[in-house]
Amino acid sequence: MKLLLRAGGWLGGRRGVVACLLAVTLIYLVEAFKIAPPLHNGALTASFFPVLLGVVMLLALAFVVRADRHADGDSAEDEAPMSESDQEATQEATQAATAGEQAPASIWQGALAVTLATGLYISLFASVGYFLSTFAYAFAMMLIFGAGRPALRSLGFKALVAAVIALLGYALFELVFQVRLPTLWR
Amino acid sequence: MDYLIELSKGFAVLMQPDILPYLIGGYLIGTFFGAVPGLTSMLAIALLLPLTYSLDITAALVACAGIFMAGMCSGSITATTINIPGAPASMMTAIEGYPLQQRGQGAKALGHAALASMIGGAIGALLLMVMAPLATDAALLIRTPGKFSLIAFALIVIVISQRGAISKGLVATTLGVMVATVGIDVMQPITRFTFGTGVLMQGIDIMPLVIGAFAVSELLVQSQNRAKRTVERDAIKASAIRRRDFIPPWKEVREIGLYRYLKSAMIGYSVGVLPGAGGSMAAFVAYAESMRSSRHPEKYGKGSVEGIAAAEGANNAMCSGAFVPMLSFGIPGDPTTAIVLGVLVVNGLQPGPQFLDSQLALVAPMFMALLVSALVLVPLTLYVLGPYFVRIVSIRRDVLYASIAVVALVGCYVATYSVFQMGLALVFGVLAFLLRRQGYPVACLLLGFVLGPSLEEYCRRSLSLSDGNPLIFLTSPDSLFFLALTGVFYYFMVIRKPEARQHA
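Heads up: the sequence lines are chains A and B, in that order.
Everything in the first sequence is counted per the numbering used here, starting at 1 for the first residue and increasing by one.
Everything in the second sequence is counted per the numbering used here, starting at 1001 for the first residue and increasing by one.
For reference, chain A alone in the conformation it holds in the complex:
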């Protein structure tokens, strides 16, 4: 678990994200060249655009690394109007920046728990069926998003709410929108 948290901390850091994107881009470029050479007899092939994208991505990542280095030495705030996504992104980037180059492992506990619970839910959804898997998932999410260590009475309440969420979800999708969900009896 500690190893996973450390890995998450590195991945969520500035260099980790750039390294991941760089790895993805290199794999993408290799795969693009495997399709065909970008130009064949003077005509564009299916790999032309992906190769172009790969090159643009490499340049963009180089700009990011350069901008990050500049940002380290420049604390001046940008007071220009920002788009919604940028405001959100800047707010989160500030949090990340204050957390340092490598995010502390404690920040990752919640995110890792959500990722693992969601991954488990997806893997069990078709085989265990909607009701059991959704009840367990909703219960797990309530534990993750609950404040502090839950008391025994509060566990009962969370289980009850998880059951209600599963039932309401079933009513919404299966009864209202006429969508078939996987169940153990079908």
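If you're looking for bench data, these hints aren't it; they were derived computationally from the structure.
Check each hint, because a few of them may be wrong.
[Said to hold, decoys possible] Short, incomplete list of chain B residues facing chain A, as computed with Cβ under 8 Å:
#, residue
1, K1009
2, T1181
3, S1403
4, L1409
5, G1468
[Claimed, not checked] The following residues of chain B were derived to be distant from chain A, with all beta-carbon distances above 12 Å:
#, residue
6, L1004
7, S1217
8, M1266
9, S1358
10, A1361
11, G1429
12, Y1491
[Claimed, not checked] Derived list of chain A stretches under chain B, where covered just means 3 residues or more per stretch with a C-beta under 8 Å from a C-beta of chain B:
#, segment
13, 28-35
14, 52-65
15, 159-167
The beta carbon of each residue, even a glycine, is placed where N, CA and C say it ideally should be.
Given chain A, put chain B in place with the hints provided.
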């Protein structure tokens, strides 16, 4: 004349008992998501996306319009009463509304916000009805190289509007376009980036990307927050407001003036037409212009009702403006309209120059939904729910996020009956979470994904027409126009701005 008849038919369709509840339901959902800190109307539309497979397309579009409009104005309620903007577009309202709340005039501030939202939203919807056919006619004149340059212009504007994070915007946009290249090639029957698996042959659906980038990543972000409720109970006691105080005094409305309402609406609408700008940009620009032209600029920041009116009028007018490029050119103006575009695409419809002519009967109820939302639902919701609003949005976070998680993931499954799509949503969710933590704008990822296939198709078609000669983009007049426009925008948004700051 036929157009007006279709619009009036659209109103009749909207009023039908099987469609109207979707507008009201969408509006209430949008109000809730827009007001709860941490949730956005964009997330509400993302959660609705899987359900549109089972919904009638008109009902789905009407619900989207309701959510979009509600999301813009509902953030002002928590912004004014507890100084926490429910949505980024309400930040300017918090600056002016909260000082009024502290002076016991919060209800009046909310009344001004609702009145401006009504006027701005209604003007925006009317402008959309007038301008959409004109934009469609203009779109018909654009040929293949011009279409490439237009999409390139949209993507470049999306990137350069990410102030302070342009290079990260470029990375996120390029990544979105890269994801869109997975699957069968747009011109030849060749599969790309499938890694030998059959499941990726059809390409990556918009559904897991939207659910992952906006719902799963939000769950991951919120999992770091240890608060028990979305709004703490102490804030509820401090936010008491009375219904009878909602009506803004006529004297103050006259002081704000019709011209300011109109100008803010026009600014908001124009900003909405631009790709990637969004409601907060519209609110900020209108607010700044209002302060510049005000006779009492000293009141700004201390509870100016002019500032509230400008910001709220603009962000609601923006909603309709964002639909113009989406419907006429297939280019979404912001992430929310990109998801609405997804609603159309999953139902087999592709917006573009012919879309409005051929599908006006489907779109007209949505136009009317924007108008009715602005004129009727904005004031009605404030009057009915206003006094209880902070209490309504103060809910347990564990219940809220467990519910969102189930709806998002099961929604992803029901869209295609595929567990693989749920897995993809998780992968995109983790990716978006990592990007968001480092300040990469995730909205760019979605817009790149949506516009990528058209960009590639028109690029390759143009180069095929010219035997691979890229000068076709300079010799084609429409293409040259959009390239020049890109240069103008780049100059004003990137080059000139830093110079101005250096002189300051």
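Are any of the numbered hints broken by this structure? If so, which, sorted upward?
1, 7, 11
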